[in-house]
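Visitor: Listed here are the chains, written in short residue letters.
Protein chains: 2
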Amino acid sequence: MLRYAAPIQKLIEQLQKLPGIGPKSAQRLAFFLLRSSPEDLQALGQAVLELKGEVRLCGQCYNYCTGELCPICDDPQRDAAIICVVEEASDLMALERAGEYQGLYHVLGGALSPVEDIKPSDLHITELIQRIKEDPPQEVILATSPTVEGDATAEYVRELIQILPDPPQITRIALGLPVGGDLDYADQVTLARALRGRAIMED
Amino acid sequence: MLRYAAPIQKLIEQLQKLPGIGPKSAQRLAFFLLRSSPEDLQALGQAVLELKGEVRLCGQCYNYCTGELCPICDDPQRDAAIICVVEEASDLMALERAGEYQGLYHVLGGALSPVEDIKPSDLHITELIQRIKEDPPQEVILATSPTVEGDATAEYVRELIQILPDPPQITRIALGLPVGGDLDYADQVTLARALRGRAIMED
Chain A
193 MLRYAAPIQK
203 LIEQLQKLPG
213 IGPKSAQRLA
223 FFLLRSSPED
233 LQALGQAVLE
243 LKGEVRLCGQ
253 CYNYCTGELC
263 PICDDPQRDA
273 AIICVVEEAS
283 DLMALERAGE
293 YQGLYHVLGG
303 ALSPVEDIKP
313 SDLHITELIQ
323 RIKEDPPQEV
333 ILATSPTVEG
343 DATAEYVREL
353 IQILPDPPQI
363 TRIALGLPVG
373 GDLDYADQVT
383 LARALRGRAI
393 MED
Chain B
193 MLRYAAPIQK
203 LIEQLQKLPG
213 IGPKSAQRLA
223 FFLLRSSPED
233 LQALGQAVLE
243 LKGEVRLCGQ
253 CYNYCTGELC
263 PICDDPQRDA
273 AIICVVEEAS
283 DLMALERAGE
293 YQGLYHVLGG
303 ALSPVEDIKP
313 SDLHITELIQ
323 RIKEDPPQEV
333 ILATSPTVEG
343 DATAEYVREL
353 IQILPDPPQI
363 TRIALGLPVG
373 GDLDYADQVT
383 LARALRGRAI
393 MED
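Here the protein sequences line up with chains A and B, keeping their order.
In case it helps, this note's numbering puts the first sequence at residues 193 to 395.
In case it helps, this note's numbering puts the second sequence at residues 193 to 395.
None of these hints come from the bench; they were simulated from the model.
Keep in mind that the hints are not guaranteed to be accurate.
No copy labels: a pair is met if it fits in one copy or bridges any two.
Said to hold, decoys possible - For lysine-lysine, the following BS3-like pairs were computed, each having C-alpha atoms within a straight-line distance of at most 30 Å:
id : residue 1 : residue 2
1  : 209       : 325
2  : 216       : 325
3  : 209       : 244
4  : 202       : 311
5  : 244       : 216
6  : 202       : 325
Work out the full structure, taking the sequences as your base and the hints as a guide.
Guide: As C-alpha cells, then:
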C-alpha cells in the first residue's frame, strides 16, 4: 500500500500514540501541521522536547512545578491547616479554577486499581502520611474521583490516617447532582448519593 | 489565576492551536505526554521539527513527497492518460486506499472559497492547465468534494479545460448514497443527486 512521504508517515505514527487520536485525526493533524508556519511548528516541537527537562514534582505535594516547591505550597497566603488529596495534578487545577479552596493539596499520582495494577506503593500515599505526621493539619479532604478506584483510594487513605495518634478531621468531597444538571437525566447512583447527602436548608 | 508550570503551560498553548483540540484535550494530551517515556517524547518532538525540512511538493502533481516526483508520478505502471483532480493530498490518499484508480493525480491544494479568500491563483490550477497542454491526457476526473466550494472549483476548472483546443474528456466523480448507508437517513440533496445520477443495471 502507498504510504505518505516518510516524515509525514513518521509524524502520523507518533500522533496516533496519543490518547483519543486515531488514524483519521492523526492524519488531519499532520496535514494541518504541514500547512502551519515554520515558527508554529518549531514552537510545538520545542514545547514537546522541553516538557520533561524543566518539569519536576513539588517536594511537598507532588504537583508539577519547575522549582523546589509548587506555587501553591510556596504561597504563604494558603491555609496550611487543610490538605486536599487529589488523584492527578489536573484535578488540582480543576479545583483551583473553581476558586473556592484556599488550603494546600497532595497529589497522589493516580488511584488504586487492580485492573491497571496500580498499588499503594505506586502512589504518593506514604509521603502523605509522613507529611501529616510531620506537620499535622486540622483537616484532610479526600477529593479523589467518585469512581470505584477513587472511592477505594479514599477509603484506603482514610484508614491509614485514622490510625495515626491524634488524627486530623477527614472529609470526603460532596457527591450529588451537578449544578445546572437536569434531575431527570441524572443516573440512579448519583441520585441516590444526592439524596443521602441532602443538607438542611438555611434561610 | 494559577497556571501550570511554564513548560506544561507552553505545550498546552501550542496544542490548543491544533484543529479539534480545545483546552480540555490539550490539557489531557499534555498530562499524557508528561507520563510518557523520554524516548516517546523525543520521537514526537523530532517528528514535528523534521516535518517540513524534508517534505516538498511533487513537481508534477503537487502531492507531498521527499524527492523530485511523488511515488505515483514516478511509477511507470500508472496510466498517464487519466488525471484525477483532488483538493488535498489527503483526498488522494483516500482514493488510493480505495484501490480502484490506476491513473495519475493533480492536487489543487484546496478549493475556491470567497469566505476564506481562496482565489484561483492560490490553487495549482494554472499548473494543471499547463500540464494538460504539454502532455494531453484522454480524461480528467474532477474529484473535488461535493461541497459548495468543491463544486464551484470543479466547475471553474471544467470551463478552463473546455476552452483548450482538443480538450480531454472531463468527468465528475459520482454523487449518490454511500455504500452501506441507509436511504432513510440520507439527506434530501444526496437523495436527489442519487436519483439524478441513476445508472442502467446490467445483468
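Visitor: All hints, please: hold or fail.
Guide: Hint check:
no., hint, in the structure
1, 209 <-> 325, "neither (41 Å within a copy, 45 Å between copies)"
2, 216 <-> 325, "neither (51 Å within a copy, 36 Å between copies)"
3, 209 <-> 244, "both (18 Å within a copy, 21 Å between copies)"
4, 202 <-> 311, "neither (35 Å within a copy, 32 Å between copies)"
5, 244 <-> 216, "both (28 Å within a copy, 20 Å between copies)"
6, 202 <-> 325, "neither (50 Å within a copy, 36 Å between copies)"
Hints 1, 2, 4, 6 from the list above are not met by this structure, while the remaining hints are.
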